[in-house]
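*Asks:* Produce the complete structure using the sequences and hints provided.
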Amino acid sequence: MSESSTGKAVTGGNAEREVVDLCRDLIRIDTSNYGDHSGPGERLAAEYVAEKLAEVGLEPQIFESHKGRASTVARIEGEDPSRPALLIHGHTDVVPANAADWTHDPFSGEIADGCVWGRGAVDMKDMDAMTLAVVRERMRTGRKPPRDIVLAFLADEEAGGTFGARYLVDNHPGLFEGVTEAISEVGGFSFTVNENLRLYLVETAQKGMHWMKLTVDGSAGHGSMIHKDNAITELSEAVGRLGRHKFPVRVTKTLRHFLDELSDALGTELDPENMDETLAKLGGIAKLIGASLQNTANPTQLGAGYKVNVIPGQATAHVDGRYLPGYEEEFLADLDRILGPNVKREDVHADKALETTFDGALVDAMQTALVAEDPIARAVPYMLSAGTDAKSFDDLGIRGFGFAPLKLPPELDFAGMFHGVDERVPVEGLQFGVRVLDRFIDHS
Numbered sequence: 001m002s003e004s005s006t007g008k009a010v011t012g013g014n015a016e017r018e019v020v021d022l023c024r025d026l027i028r029i030d031t032s033n034y035g036d037h038s039g040p041g042e043r044l045a046a047e048y049v050a051e052k053l054a055e056v057g058l059e060p061q062i063f064e065s066h067k068g069r070a071s072t073v074a075r076i077e078g079e080d081p082s083r084p085a086l087l088i089h090g091h092t093d094v095v096p097a098n099a100a101d102w103t104h105d106p107f108s109g110e111i112a113d114g115c116v117w118g119r120g121a122v123d124m125k126d127m128d129a130m131t132l133a134v135v136r137e138r139m140r141t142g143r144k145p146p147r148d149i150v151l152a153f154l155a156d157e158e159a160g161g162t163f164g165a166r167y168l169v170d171n172h173p174g175l176f177e178g179v180t181e182a183i184s185e186v187g188g189f190s191f192t193v194n195e196n197l198r199l200y201l202v203e204t205a206q207k208g209m210h211w212m213k214l215t216v217d218g219s220a221g222h223g224s225m226i227h228k229d230n231a232i233t234e235l236s237e238a239v240g241r242l243g244r245h246k247f248p249v250r251v252t253k254t255l256r257h258f259l260d261e262l263s264d265a266l267g268t269e270l271d272p273e274n275m276d277e278t279l280a281k282l283g284g285i286a287k288l289i290g291a292s293l294q295n296t297a298n299p300t301q302l303g304a305g306y307k308v309n310v311i312p313g314q315a316t317a318h319v320d321g322r323y324l325p326g327y328e329e330e331f332l333a334d335l336d337r338i339l340g341p342n343v344k345r346e347d348v349h350a351d352k353a354l355e356t357t358f359d360g361a362l363v364d365a366m367q368t369a370l371v372a373e374d375p376i377a378r379a380v381p382y383m384l385s386a387g388t389d390a391k392s393f394d395d396l397g398i399r400g401f402g403f404a405p406l407k408l409p410p411e412l413d414f415a416g417m418f419h420g421v422d423e424r425v426p427v428e429g430l431q432f433g434v435r436v437l438d439r440f441i442d443h444s
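For what it's worth, UniProt numbering labels the leading residue of the sequence shown as 1, then goes sequentially.
No lab work stands behind these hints, which were simulated from the structure alone.
Per label pair, the in silico range of CB-to-CB distance:
#1 Glu-64 to Glu-177: 17 to 25 Å
#2 Glu-47 to Gly-114: 24 to 32 Å
#3 Gly-114 to Asp-217: 50 to 58 Å
#4 Gly-221 to Gln-61: 57 to 65 Å
#5 His-245 to Ile-111: 38 to 46 Å
#6 Gly-360 to Gly-303: 43 to 51 Å
#7 Glu-237 to Gly-416: 28 to 36 Å
#8 Glu-355 to Pro-96: 24 to 32 Å
#9 Ala-220 to Arg-345: 20 to 28 Å
#10 Asp-336 to Ala-99: 38 to 46 Å
#11 Gly-340 to Glu-59: 56 to 64 Å
#12 Gly-416 to Tyr-306: 32 to 40 Å
#13 Gln-61 to Gly-416: 33 to 41 Å
#14 Gly-221 to Glu-355: 43 to 51 Å
All C-beta atoms, glycine included, are put in the ideal place defined by N, C-alpha and C.
*Replies:* Written out as structure tokens, the structure reads:
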């Protein structure tokens, strides 16, 4: 083990070796979330996590919100329990994967080309494994964190968190008593600018969500007749308008801060009104940043009819809508204008947007931990185009950040692996994350 700047021992070989096996084990537990209760659920993963925590003296609790839909929570006593507590949360569910599309079986946890492959490798069983590895080593060696830490390994994040974080916040808020800050997924990963600078993107904001069902009612009739009131035609035209619409760029506080940091890093002024040129310089993170510039509404499902010669009386579509912090009203007004008066719009699932400032002791701890392991590191804020369980915890007044530290090869398409094919995480990235996370805890 090495020494930190605080003089405390920093987790070394044991956690770095163990994190790989923990990640592989978690990937091998199929926790595919189909958006209902038809999947295997998270119970086996919750029990696995609970066992690993109990082995080192913690007292984890498993909470089952629905048969098989389970989350694990534990609390670590800090050196100063009077201080506000820190929450480290991750989800154990994953989106489904079709093995035929993958180079390596998505539930094998295979190691190849220096990476651990499998569904959840980056979203987010890597962070679950890093957290477990660090906590287990600290508990084995008797290294208390500076303050209490609450650990939460949650169900159902991939379907909005109803049976995971939302359930716990609504039914067991006492688990998070005294918690003021949290870290979790989709942040802390690297983007190499040049040989002298590597940016680590810390998520400080998230878009809000409106998953919508669109409905058009028309007149049913025979397919051979002339028909001017066709629900499919009306809906298709509306969906086409929506799918092709380009919402305007809006410069949020987070985007302004990110552009200022990037301008400094690149040594050039970046124009928010000419984002195509800026995105061209961002390589693998262009997708993540590009989706945070404006509201979006993507049609994802269509449904109508039951027979080729019958004009149906109704047609439906589903749309994944995301809005920037502070722009919900504008977004909904734009939707209604684009869709027109004949389209009924209703929410299937909605959630708020989040945005916090990039400052404070916790942010300082992130930067300190990153630089200790990567001298050319600089932490910068960014906005996630999607959402995480941080939204549920925000209801308890918990300020959330995305900080799952990974040092990545410049050529790796990290953003493209979220919900994509051939998801994988570098072994060295996991080991780097263990070291950074351990240092971060010491400084938090």
